[in-house]
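Peer 1: So the sequences go chain by chain: Z and H. Residue 1 is where the first sequence starts when you use this note's numbering, and the numbers rise one by one after that. Residue 1 is where the second sequence starts when you use this note's numbering, and the numbers rise one by one after that.
In short, the hints are calculated from the structure, not lab data. Watch out, some of these pointers could steer you wrong.
Stated by the list, open to error - Covered by chain Z, per the in silico footprint, the following chain H stretches (three or more residues, Cβ under 8 Å):
#1 21-30
#2 72-78
To be verified - With a Cα cut of at most 27 Å, we get these calculated DSSO-like pairs of lysine-lysine:
#3 H:Lys264 / Z:Lys306
#4 H:Lys264 / Z:Lys304
#5 H:Lys34 / Z:Lys67
#6 Z:Lys111 / Z:Lys5
#7 Z:Lys243 / H:Lys311
#8 H:Lys101 / H:Lys80
#9 H:Lys355 / H:Lys382
#10 Z:Lys30 / Z:Lys114
#11 Z:Lys306 / H:Lys34
#12 Z:Lys111 / Z:Lys237
#13 H:Lys101 / Z:Lys306
#14 Z:Lys237 / H:Lys264
#15 Z:Lys206 / H:Lys212
#16 H:Lys331 / Z:Lys304
#17 Z:Lys243 / Z:Lys306
As the list claims (entries may be wrong) - Some chain H residues near chain Z, calculated using beta-carbon distances under 7 Å:
#18 Ile89
#19 Leu92
#20 Gly184
#21 Arg310
#22 Tyr345
#23 Val438
#24 Gln441
#25 Val478
Small disclaimer: the values here were computed from a predicted structure and weren't measured. The beta carbon of each residue, even a glycine, is placed where N, CA and C say it ideally should be.
Here are the chains, one letter per residue:
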Amino acid sequence: MSHDKITFNLDGEDMQVDAGTSLLDACRSKGAQVPTLCHEDRLEPFGGCRMCLVELDGAPRPVPACKTNASEGMVVRSASESLERVRGTIAEMFMAEHRPSQGGRPNAMEKVAKRFDLGAPPIQFPKRTEYHDHNRFIGFDTDACILCNRCVRYCDEIMQVTALEHFGQGPDAIVQPTDGLSFLDTSCELCGGCVSSCPTGALYEKQAQGIEESSCETTRTVCTFCGVGCVIDLNTKDGNVVKVTAEEGVGPNDGHLCTKGRFAWQFIHHEDRLSEPLVRGDDGELHAVSWEEAYARVVEGLSKVKQEHGADSIGFLASSRCTNEDVYALQKLARSVIGTNNVHSCAAT
Amino acid sequence: MTNSIAEIEDTDCLFVIGSNTTEAHPVLALRMKKAMRRGAKLIVADPRRTWLAQRADIHLQLKPGTDIPLVNAMAHVILKEGLQAQDYIHNLTENYEAFAKAVGEWPPERAAEICGVEAEDIRKAARAYATTDRSGIYYTLGITEHVCGVDNVRTLSNLALATGHLGREAVGVNPLRGQNNVQGCNDMGNNPVYLPGYQLVAEEENRARFEKAWGTPLSAEPGLRLDQMMDRMHTGELRAFYVMGEDPLISEPNLAHVEEGFDKVDFVVSQDIFLNETSRRHADVVLPATCFAEKDGTFTNSERRVQRVRKAVEAPGSARPDLEIITEIAKRLGAQWLPADPQAYWDEVADLMPKFFGIRYDRIEETGLQWPCPDRDHPGSKFLHEGAPIRGKGVFYGVDHVPPWEEPDEEYPFLLTTGRTLYHYNAATQTARSDGLVDKQESNFIEIAPADARDLGVSDGMLVQVESRRGQVDALAVVTDRLSPGVMWMPMHFSAARANVLTGDGRDSEVGTPEYKVTAVRLATHGH
């Protein structure tokens, strides 16, 4: 990409940006408040919602700032009475096809309604057909959808699996999984990227349904489902993980997650989790014991083998799932306490 | 990885070999997808027509276990057509002659026959990789899990050195790590020959540094690798086994043999978050540990980035963090260790590892740091080998083809290769407890090429029995043109049908990595 500089005028001030900079980015860098709905930084500019319209000297009508690049000598206004009126009318049209979903999910339409001081819309589109399938991760409240196509574009541009489509025209237009099939029967990989990109909460996580997002605490940590090291936020409520999210611009994943990272956290609170030490009794079965008893049994077992057969008759195996501190301690135990270098891990492959 | 994950999207030619990236590393694959969308060339070498392979400019659908002929032939083309980086080779490498001689033996036509690919495709791939300024190699277990895993990696390293495709942003050789802390587990010295920070235990000055810090003499005798430990169980030389967070009875090859070994061990401790095959059948003591969401610490990802892990919820019952369990045991065995505070243990080990010295908790609160990071002002290393290979000169290896440990024959006519799917993870102890993932993939399956299915009288969805010389498992047949005739594929996730009952005893001759990727099998349909 060329790094030539462009000089143009924004809201009465000259400003210099790199060639190829959109008017939206230029406005944002200057702190000008331009509303958006269909825009997401990780997606290509779409120009679909028209909320980001700005005025351009010499242009017959306002242009979308997301899809218009700054060019030499341009004169741009990001705010005016007329723009406010046009954007307000557009916002009202969105309100007409949007019925807010229940369940505490953030909804950009609330902010838009507030900003343009909108009451109940003068007309309301008919309700859409409800969407149901038996996938357990992704829910879809069709009436909350404003057809911004962020989900469709996420699926096309980023995941490149094209499992969602914008189908039909005019008042009949809808977003749906390919051919109206279940999410389980399309090329969908259940990554939930569509959910993360949805501005109105129309697409949502079934596992977190009904939980007010604002009532959750978040803890930033790292996913354990492969070696990429996606930075995740564990959303917790009342001491339980209820959802996993990721923040755009953070970590090697830049806010993206896969199906395991986003949805497969049930094991954390699963009833099969080990909750007390066990030792094998004379009957050959495992029995619950206190930590003191378990430690005593470990110390006795290791000491006896070491005494009778030497330190090198004991082997240690660490897991690549544990933390650095855990595995450091295990090899230190093997080497400095037991006295053997017999310590390895599945990391051998 | 010599490069960073974010750099992948700036690569102009991606050579992906032995990696089904979109399923095994889905989020890293998004960077590849971004590069592709920008117009980057994609070369995929894989026995399966994976998602990436379907979209590749060149798909080299090689027979499993023939990576060396393939990559040697690419190098052959590069040298023959004068596409090598002469200055780089001259100034920054050694042992070029041995390499040139070895690859001289591998004209594309010879390799094509062994690999089952077109010679012309090998030429095209070699040209694309060599003539693109920003070329990167990405590989994973399809390269390493072979009897010749180390040699496979060497051929890739040869390719990078011959073209000078190393030491720049978005240009390098990148093994993609399979587990969240494979990198860290190695870094921390969970290895029979290395102390933490890749310091050889056999060298006296290394031991002296650790002996001083730990206040105790250390054994100079290199220890046993995992595969050797498994063997020594049989001979009675290994009498006690302490396993933390692993289930060898699903993850090791030739499981019947492993099981017999465990029967002979006097004392087994399993420290884990669930009961597993190993602990259920063999543990004398089972210690309940906390999972990642219940503890503090660090993981090191594939790009060498040390990142903070933070406690979000309480552990079930009386489960305790691994670090605490180990320190308590050390204390009861008479050792004087620090209390179980992760930060204190990180500081202790970082002080002992020059390449990690600058990485401290206060610096990685917001964003992790990539090693090498030798001092506290060092910004970390985005990519390695800048200007020159770290060791001064890159070493070429002359590598010749090593056939798999076991090849199909009349009795077991099919070649089975194994791997991971998008919807499960390793032994599936965690993912099998996610009902939404189980909906997508419930039980074991085997992918079979249409022609083989027809010849065998197998149709899609039929239950078949897969047999090797070591055992048998059931699987549902998935008839798919993702595979060439003669080759079959099975995931390794399902405890009810453990793929490793089938796998054999082939291991890399240098590091002992099992050959999970090649097994000779035959198929029987139930009721026949």
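Peer 1: For each hint, tell me whether it holds in the structure or not.
Peer 2: The hints, checked one at a time:
1. 21-30: holds (count 6)
2. 72-78: Contact hint for the region 72-78 of chain H vs chain Z: violated, 0 residues under 8 Å.
3. H:Lys264 / Z:Lys306: holds (16 Å)
4. H:Lys264 / Z:Lys304: holds (16 Å)
5. H:Lys34 / Z:Lys67: At roughly 20 Å apart (the allowed maximum being 27 Å), lysine 67 of chain Z and lysine 34 of chain H satisfy the hint.
6. Z:Lys111 / Z:Lys5: Measuring from Cα to Cα gives roughly 35 Å; hence the hint is violated.
7. Z:Lys243 / H:Lys311: Holds. Lysine 243 of chain Z to lysine 311 of chain H sits at ~15 Å (cutoff 27 Å).
8. H:Lys101 / H:Lys80: Holds, because 12 Å separates the two Cα atoms, which is no more than 27 Å.
9. H:Lys355 / H:Lys382: holds (14 Å)
10. Z:Lys30 / Z:Lys114: Given that 27 Å is the threshold and the Cα spacing comes to 23 Å, the pair holds.
11. Z:Lys306 / H:Lys34: violated (55 Å)
12. Z:Lys111 / Z:Lys237: holds (25 Å)
13. H:Lys101 / Z:Lys306: Not satisfied, since the Cα-Cα distance of roughly 51 Å exceeds 27 Å.
14. Z:Lys237 / H:Lys264: Status violated; Cα separation ~47 Å.
15. Z:Lys206 / H:Lys212: It is violated: about 55 Å lies between the C-alpha atoms, which goes past 27 Å.
16. H:Lys331 / Z:Lys304: holds (17 Å)
17. Z:Lys243 / Z:Lys306: violated (46 Å)
18. Ile89: Since chain Z brings no Cβ nearer than about 31 Å to isoleucine 89 of chain H, farther than 7 Å, the hint is violated.
19. Leu92: violated (29 Å)
20. Gly184: holds (4 Å)
21. Arg310: holds (5 Å)
22. Tyr345: Cβ of tyrosine 345 of chain H sits 4 Å from chain Z, so the hint holds.
23. Val438: At 9 Å from the nearest chain Z Cβ, valine 438 of chain H fails the 7 Å test, so the hint is violated.
24. Gln441: Because about 11 Å separates glutamine 441 of chain H from the closest Cβ in chain Z, which is outside the 7 Å limit, the hint is violated.
25. Val478: Nearest chain Z Cβ about 16 Å off; hint violated.
In this structure, the hints that do not hold are numbers 2, 6, 11, 13, 14, 15, 17, 18, 19, 23, 24 and 25, in rising order.
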